[in-house]
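Listed here are the chains, written in short residue letters.
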Amino acid sequence: MKGGLIVNQIRKLRFNHGEMTQQELADLVGVTRQTINAIEAAKYSPSLELAFKIAAAFEKPIGEVFKYKTED
Amino acid sequence: MSKQEILSWTSLASSTSVLVFYLLIVFGWPDTVPDYSGRFFNLFFNVFWIAVVIEIIVGITEGNKKVQKDERDFIIEAKGLKVGYNILVITLMIALIQIFISNISLNYIPDLPFAMEISTVFHFLFISLFLAGAAKRITMIYQYRKEF
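From first to last, the protein sequence lines are chains A and B.
Take the first sequence: its letters are residues 1 to 72, numbered as in the numbering used here.
Take the second sequence: its letters are residues 1 to 148, numbered as in the numbering used here.
Calculated directly from the structure, the hints in this document are not laboratory data.
No residue lacks a Cβ here, since even glycine has one placed at the ideal position from N, Cα and C.
There's no promise every hint is true.
Coverage of chain A stretches by chain B, computed from C-beta distances (three or more under 8 Å per stretch; other residues unrestricted) [as the list claims (entries may be wrong)]:
#, stretch
1, 5 to 13
2, 34 to 40
3, 44 to 58
To give an idea of the interface, some chain B residues facing chain A are shown, with a C-beta separation under 7 Å as derived from the structure [what the hints assert, rightly or not]:
#, residue
4, Ser2
5, Val67
6, Asp70
7, Glu71
8, Lys82
Below, computed lysine-lysine pairings styled on BS3-like, alpha-carbon distance capped at 25 Å [stated by the list, open to error]:
#, chain 1, residue 1, chain 2, residue 2
9, B, Lys82, A, Lys53
10, A, Lys53, B, Lys69
11, B, Lys146, B, Lys69
12, A, Lys67, B, Lys146
13, B, Lys69, A, Lys43
14, B, Lys3, B, Lys79
15, B, Lys79, B, Lys69
16, B, Lys65, B, Lys3
17, B, Lys82, A, Lys43
18, A, Lys60, A, Lys43
19, A, Lys53, B, Lys65
20, A, Lys67, A, Lys12
21, A, Lys43, B, Lys79
22, A, Lys12, B, Lys82
23, B, Lys146, A, Lys69
24, B, Lys82, B, Lys3
25, A, Lys60, A, Lys12
26, B, Lys3, B, Lys146
27, B, Lys82, B, Lys69
28, A, Lys43, A, Lys67
29, B, Lys65, A, Lys43
30, A, Lys53, A, Lys43
31, B, Lys3, A, Lys43
32, A, Lys67, A, Lys53
Throw the hints in and build the complete structure from the sequences for me.
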């Protein structure tokens, strides 16, 4: 399998959750705002635990928040 | 910029200043270059104190934040430590080889090439500590700027 990229819907989900800010989400899941920013920009892949925490913050299954795109 | 990134920059600035002071005091200004030692000294003196003040300000303003360091910071720090450690090991090996060569030159074969005085080897070790630390911080800054 070729290398891929983890993309996410975090920005969209934040806006749909009462326009939650990056800082608010960061406080909810226990990371810095810069980490949330890096995750949204697909510049950083979160750990499994952090991914689950983010999904739980939006009350969504993890597969709806994060997707793995392979380069085909 | 995150708190950890700012601290990487200030730490790099202050340790570079200390290294420049050390080099100026131990080795002096080279004779072949016009004497700007006073200006250099003042410049890095200011850099050092600005770095310290910024660290204090960042410590006060960011100290109340819920999260000071998260998994991304730890991963970036680990990458920096790896680079710094590798550089330290290489320079330590060079220093050990130098001590060995110097010992042979002193006791058996005078005027051996690449032989150094023991005091020079210690200066080299001290400088290499700074270089390893700087390499760590530069790696961390690169990772933060590259955003993984």
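Here is what the structure says about each hint:
Coverage of a stretch by a chain is defined here by at least three residues with a beta carbon nearer than 8 Å to that chain's beta carbons; for the stretch 5 to 13 of chain A and chain B the count is 0, and the condition is violated. Evaluation of the coverage hint for the stretch 34 to 40 of chain A: fulfilled, as 3 residues show C-beta separations to chain B shorter than 8 Å, against a requirement of three. Interface restraint, the stretch 44 to 58 of chain A with chain B: holds (5 residues with C-beta to C-beta distance below 8 Å; minimum three). Nearest Cβ of chain A to the Cβ of Ser2(B): about 4 Å, under the 7 Å cut. The hint holds.
Given hint, Val67(B) at the interface with chain A, holds; its Cβ is 5 Å from that chain's nearest Cβ, closer than 7 Å. A hinted interface residue such as Asp70(B) counts as satisfied when its beta carbon comes closer than 7 Å to some beta carbon of chain A; here the least separation is about 4 Å, so the hint holds. With a cut of 7 Å, the hint placing Glu71(B) at the interface with chain A holds, because the nearest CB-to-CB distance is about 6 Å. At its closest, the beta carbon of Lys82(B) sits 18 Å from a beta carbon of chain A; the interface hint therefore is violated under the 7 Å criterion.
For the suggested pair Lys82(B) and Lys53(A), the alpha carbons sit about 29 Å apart, so the restraint of at most 25 Å is broken. This hinted pair checks out: Lys53(A) and Lys69(B) have alpha carbons roughly 17 Å apart, not beyond 25 Å. With a C-alpha separation of about 18 Å, the suggested pair Lys146(B) and Lys69(B) falls inside the 25 Å cut-off, and the hint holds. Between Lys67(A) and Lys146(B), the direct Cα distance comes to roughly 22 Å. Compliance with the 25 Å bound is thereby established for this hinted pair.
The straight-line distance between the Cα atoms of Lys69(B) and Lys43(A) is roughly 18 Å, inside the 25 Å bound, and the hint therefore holds. A hinted pair counts as satisfied when its Cα atoms are at most 25 Å apart, and Lys3(B) with Lys79(B) qualifies at roughly 18 Å. A C-alpha spacing of about 15 Å is found between Lys79(B) and Lys69(B), which places the hinted pair at or below 25 Å, so the restraint holds. With a C-alpha separation of about 10 Å, the suggested pair Lys65(B) and Lys3(B) falls inside the 25 Å cut-off, and the hint holds.
The straight-line distance between the Cα atoms of Lys82(B) and Lys43(A) is roughly 21 Å, inside the 25 Å bound, and the hint therefore holds. Restraint check: the Cα-Cα separation between Lys60(A) and Lys43(A) comes to about 22 Å, which is no more than 25 Å; the hinted pair holds. For the given pair, Lys53(A) sits about 19 Å from Lys65(B) by alpha-carbon distance, which is consistent with the 25 Å threshold. In summary, the hint linking Lys67(A) to Lys12(A) is supported, as the alpha carbons are separated by about 14 Å, within the 25 Å threshold.
Taking the CA atoms of Lys43(A) and Lys79(B), the gap is near 16 Å; set against the 25 Å cutoff, the hint holds. Note on Lys12(A) and Lys82(B): the hinted pairing is violated, with a Cα-Cα distance of about 37 Å set against a maximum of 25 Å. For the given pair, Lys146(B) sits about 21 Å from Lys69(A) by alpha-carbon distance, which is consistent with the 25 Å threshold. Our distance criterion of 25 Å between C-alpha atoms is met by Lys82(B) and Lys3(B), whose separation comes to about 21 Å.
For the proposed pair Lys60(A) and Lys12(A), the alpha carbon gap of about 13 Å is at most 25 Å, so the pair holds. Proposed proximity of Lys3(B) and Lys146(B) is supported: the alpha carbons are some 16 Å apart, at most 25 Å. Note on Lys82(B) and Lys69(B): the hinted pairing holds, with a Cα-Cα distance of about 19 Å set against a maximum of 25 Å. A distance of roughly 14 Å separates the Cα atoms of Lys43(A) and Lys67(A); the hinted pair therefore holds under the 25 Å criterion.
Straight-line distance between C-alpha atoms of Lys65(B) and Lys43(A) comes to about 23 Å, which keeps the hinted pair within the 25 Å bound. For a cut-off of 25 Å, the pair hint linking Lys53(A) to Lys43(A) stands: about 18 Å separates their Cα positions. Simply put, Lys3(B) and Lys43(A) have alpha-carbon atoms about 19 Å apart, close enough for the 25 Å limit, and the pair holds. For a cut-off of 25 Å, the pair hint linking Lys67(A) to Lys53(A) stands: about 16 Å separates their Cα positions.
Figure legend: structure checked against the earlier numbered hints; hints not met, in rising order: 1, 8, 9, 22.
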